[in-house]
Amino acid sequence: MRTLSPRQIAHHLGRTRRDFLRDAAGMALGASLMGTSPFVYGATAAKKRKVIVITFGGGARDQETFAPEGQINIPHMLGELIPQSSFFTQVTNHGILGHYVATASLATGVYETLNNFSAVPPQHPTVFEYFRKDLKRPVSDAWVVAPSNGFNRIGESDCRSYGPGLGARVILPKHLLSAATSGSNAAYGHLLHDNYETPLYAPQIEGGEFELKQLDTILKLSVDDFKAHARMLSSPDELSVYIARRLMRQESPSLLWITMHDIDIAHSGAYSLYVDAIRRTDRLCADLWKAVQEEPEYAGNTTLLILPDFGRDADQDSGGNGFQHHRTGDPASRTTWMMALGAGVRPGVIYDNPIQSIDLVPSIGSIMGFTAEQSQGKPIKELL
Amino acid sequence: MLPRNLQADQFAAYPPQARKLAVSHLAALQQLPLSFLAALLRELIEYDFKFPAERAAIDQELAHLNSLSSAQITEWFHPFSVLSLSPQLESFDWVNHPAQFVEQESAYLWSTHQLDAFRQAATGYVDRLRPALAVEPLPVRRLGIAVIGQGVASYEAPLFRDLRAHGTYFGQVKPDNGLDLLLDGVEARAKSHPAPYGHWYVDGGASARQSPLLTNVGYQALEPVRANLLKYMQTEIARPGMGPEELRSDLARLLPADLGMDKDGDTVLDRFQVKLFTEGSGTQIFSTTFAQWTAREALRRAQPLTLLVRFAPRQRQRPMNELLSSPNANPELDLLGSLVDADMGAYYHWINQQRLPGADQSSFLVWFEGHNQALVIAPSLPRGVHSDSAMDLKGLLALATS
Numbered sequence: 001m002r003t004l005s006p007r008q009i010a011h012h013l014g015r016t017r018r019d020f021l022r023d024a025a026g027m028a029l030g031a032s033l034m035g036t037s038p039f040v041y042g043a044t045a046a047k048k049r050k051v052i053v054i055t056f057g058g059g060a061r062d063q064e065t066f067a068p069e070g071q072i073n074i075p076h077m078l079g080e081l082i083p084q085s086s087f088f089t090q091v092t093n094h095g096i097l098g099h100y101v102a103t104a105s106l107a108t109g110v111y112e113t114l115n116n117f118s119a120v121p122p123q124h125p126t127v128f129e130y131f132r133k134d135l136k137r138p139v140s141d142a143w144v145v146a147p148s149n150g151f152n153r154i155g156e157s158d159c160r161s162y163g164p165g166l167g168a169r170v171i172l173p174k175h176l177l178s179a180a181t182s183g184s185n186a187a188y189g190h191l192l193h194d195n196y197e198t199p200l201y202a203p204q205i206e207g208g209e210f211e212l213k214q215l216d217t218i219l220k221l222s223v224d225d226f227k228a229h230a231r232m233l234s235s236p237d238e239l240s241v242y243i244a245r246r247l248m249r250q251e252s253p254s255l256l257w258i259t260m261h262d263i264d265i266a267h268s269g270a271y272s273l274y275v276d277a278i279r280r281t282d283r284l285c286a287d288l289w290k291a292v293q294e295e296p297e298y299a300g301n302t303t304l305l306i307l308p309d310f311g312r313d314a315d316q317d318s319g320g321n322g323f324q325h326h327r328t329g330d331p332a333s334r335t336t337w338m339m340a341l342g343a344g345v346r347p348g349v350i351y352d353n354p355i356q357s358i359d360l361v362p363s364i365g366s367i368m369g370f371t372a373e374q375s376q377g378k379p380i381k382e383l384l
Numbered sequence: 385m386l387p388r389n390l391q392a393d394q395f396a397a398y399p400p401q402a403r404k405l406a407v408s409h410l411a412a413l414q415q416l417p418l419s420f421l422a423a424l425l426r427e428l429i430e431y432d433f434k435f436p437a438e439r440a441a442i443d444q445e446l447a448h449l450n451s452l453s454s455a456q457i458t459e460w461f462h463p464f465s466v467l468s469l470s471p472q473l474e475s476f477d478w479v480n481h482p483a484q485f486v487e488q489e490s491a492y493l494w495s496t497h498q499l500d501a502f503r504q505a506a507t508g509y510v511d512r513l514r515p516a517l518a519v520e521p522l523p524v525r526r527l528g529i530a531v532i533g534q535g536v537a538s539y540e541a542p543l544f545r546d547l548r549a550h551g552t553y554f555g556q557v558k559p560d561n562g563l564d565l566l567l568d569g570v571e572a573r574a575k576s577h578p579a580p581y582g583h584w585y586v587d588g589g590a591s592a593r594q595s596p597l598l599t600n601v602g603y604q605a606l607e608p609v610r611a612n613l614l615k616y617m618q619t620e621i622a623r624p625g626m627g628p629e630e631l632r633s634d635l636a637r638l639l640p641a642d643l644g645m646d647k648d649g650d651t652v653l654d655r656f657q658v659k660l661f662t663e664g665s666g667t668q669i670f671s672t673t674f675a676q677w678t679a680r681e682a683l684r685r686a687q688p689l690t691l692l693v694r695f696a697p698r699q700r701q702r703p704m705n706e707l708l709s710s711p712n713a714n715p716e717l718d719l720l721g722s723l724v725d726a727d728m729g730a731y732y733h734w735i736n737q738q739r740l741p742g743a744d745q746s747s748f749l750v751w752f753e754g755h756n757q758a759l760v761i762a763p764s765l766p767r768g769v770h771s772d773s774a775m776d777l778k779g780l781l782a783l784a785t786s
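Order-wise, the sequence lines are chains A and B. Be aware that the first sequence starts at 1, since it is given in this note's numbering, and climbs by one per residue. Be aware that the second sequence starts at 385, since it is given in this note's numbering, and climbs by one per residue.
Since the hints were derived computationally from the structure, they do not count as laboratory data. Any given hint could turn out to be false.
Unchecked claim - With the C-beta cut set under 10 Å, the calculated list includes, among others, these residues of chain B facing chain A: (1) Ala491; (2) Ser495; (3) Asp546; (4) Ile669; (5) Phe674; (6) Arg698; (7) Gly721; (8) Ala726; (9) Asp727; (10) Met728; (11) Tyr731.
Claimed, not checked - DEER-style ranges, computed between Cβ atoms: (12) Gln444/B <-> Gln316/A: 22 to 30 Å; (13) Leu597/B <-> Ser182/A: 56 to 64 Å; (14) Leu212/A <-> Gly625/B: 23 to 31 Å.
Ideal Cβ positions, reconstructed from N, Cα and C, are used throughout, including at glycine.
Given only the sequences and the hints, what does the whole structure look like? Please build it.
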């Protein structure tokens, strides 16, 4: 049996996704379409452009998503989103495979090395800081909806030339809910799961005056209405999407970043819960795209980028325990995908040339008209 | 301190057999790079509490390292030698706390982007070492059995999806007395081929029997241990300054007596069981995860000739804080979710079994408990086919082992 190098395995994963999508969704290969750019905009168009990033939370493997046996779990992406999207089959993450540090790396375009379990700011400027500083945008124009305690510092770095005052506002839906219910969470516990990555350590979710003010002044929601709606939801990510939709309606940020996290229940080792979470996340991505079409501020001028922060360990890697973790650093855990759809995107096209997760920030910069000067990634030419 | 400065008296705190082994191989240990040596010491320091298969593997590895010349050691371990470690790591007491060292080393390698190089070095080392180790022929073909779906009345979706290509699917199984027939078969193998920790019965719920012929691990039997652990975790989490990494380190130090296990018990098995809870992820809250992880660890460490794992329903998902609080005597169960978990657990059981010596001759049987669906993988059976033969579990077991 021939042993494949990590690079060959990553390439194979990308090709497998490509072949699957060509068969399942009738998509075209992107290489033949290169040459004319759909992103030709004047200054006015760039000013109106909105970008939404969804991190497909917790990482999901091909056999549960973009492989023939996984398609049952992603009917919305396959049937509704992919036909409208440019799909990148081979996105690699060469950084640390912890969710906070990897998401911070996605947001800065640099492989960050911060402690995954500490609430510390990224070391390099975030996409929000580049966006706001270069384009002179107000604080209300960049928002992050983040899943858990650890992510509350992701909005801005501690970089001296950017940093405090130039980042995004971060909203933590679970903290909002905790504040709204005054810590009495009996009816809402299912929406307050936290820190799956370390299932042994579950810190208390806290929320207070600050969160209640966010609810009232920004989301324009009464505590009672919020609680009533939350009762109808089934998971933390549903709560996040609900909050994101309120933000879109009330604040209409041009740059909105939503980090999904339900899938990380995989760390508990329960395969059924992991697959349920993939199905839910698939549905929520489609719901959010529908919301984009329904909001006048977003319809027609929004680019949606969906990508996992990284994958999960392969079944065959003896150093791991399959779907449960992302600890081995094997190609399956490092190689993932990205979907781009909406304004300026060629629909129904597959690109299988390798890109890196840190290419996201400079690409958003190219789309929106700012320069991510400290990013170590490169703009993805297929999006330019 | 670096490995070349190692002295025999630095192993004074090691258990007796581990100390003896370390001292007798001191010259070889002194030549190894720290990035490798700490991982070796992490295994060595536990030598007195390891299963026979693990001890044999350590013995052989050390003997082989001893047989290498200095030039060969330099060449073999070059990929490890070029990894850079921090001065803090080098000054850590890695002789006495190798597990903590490896944990910190891992974090350092990730943060300095050296993890992939370490992974490559480790894979290369194992590939070189494997042919040098003697593989004893097995006295009997290795057999894995997974029993899944306890309590599920009906299930329409296909089962054993990942295993079907490797074996024969049986759709007309006679389920009567199925579990007893399987346990009888496992006991018969233990009688015919006795071996310490050679034949296991793992139950994710209440064990159907406690056989003196078998190594028995049961989730329900370990309930007091689990309750003590959850209580300990609650106390630790509430401590100021506690974080996930500190908690993991604290848990790794727990011994059977800390969790109320009998001091006169089987030391090796008790330590193994404690580690299932302190090193596993999710084993503390979900019985399906416990059963899957136990199978994985039993195969990896004890390399049993026979391993029967019966999955039981796990509790329904609730907020993590609730799941981690003291065990609920009557939790709401998720029967269908547990079946899906166990179906994947059975697949992992087979994958882990196939990593062991004798894989090409090993057999595997998975049965949907109480129902007429099963699948058998055996060298004598065709792959990827469907059989309508009406057969009971004894007959299937005979097919698997013939």
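Results for each hint:
Because the beta carbon of Ala491/B sits about 8 Å from the nearest beta carbon in chain A, less than 10 Å, this interface hint is met. For Ser495/B, the shortest C-beta to C-beta distance to chain A is roughly 4 Å, which falls under 10 Å, so the interface hint holds. A distance limit of 10 Å between C-beta atoms decides the matter here; for Asp546/B the minimum to chain A is near 8 Å, and the interface restraint holds. With its C-beta approaching chain A no nearer than about 7 Å, Ile669/B sits inside the 10 Å limit, and its interface hint holds.
For Phe674/B, the shortest C-beta to C-beta distance to chain A is roughly 8 Å, which falls under 10 Å, so the interface hint holds. Because the closest C-beta pair between Arg698/B and chain A is about 7 Å apart, less than 10 Å, the hint holds. Because the beta carbon of Gly721/B sits about 4 Å from the nearest beta carbon in chain A, less than 10 Å, this interface hint is met. Given hint, Ala726/B at the interface with chain A, holds; its Cβ is 9 Å from that chain's nearest Cβ, closer than 10 Å.
The beta carbon of Asp727/B comes within 8 Å of a beta carbon in chain A, closer than 10 Å, and the hint placing it at the interface holds. A cut of 10 Å between beta carbons decides the hint on Met728/B: the least distance to chain A is about 4 Å, and the hint holds. A distance limit of 10 Å between C-beta atoms decides the matter here; for Tyr731/B the minimum to chain A is near 8 Å, and the interface restraint holds. For Gln444/B and Gln316/A, the Cβ-Cβ distance of about 25 Å falls inside the hinted range of 22 to 30 Å, so the restraint holds.
For Leu597/B paired with Ser182/A, a C-beta distance near 58 Å keeps the hint of 56 to 64 Å intact. A beta carbon spacing of about 28 Å between Leu212/A and Gly625/B agrees with the range 23 to 31 Å that was offered as a hint.
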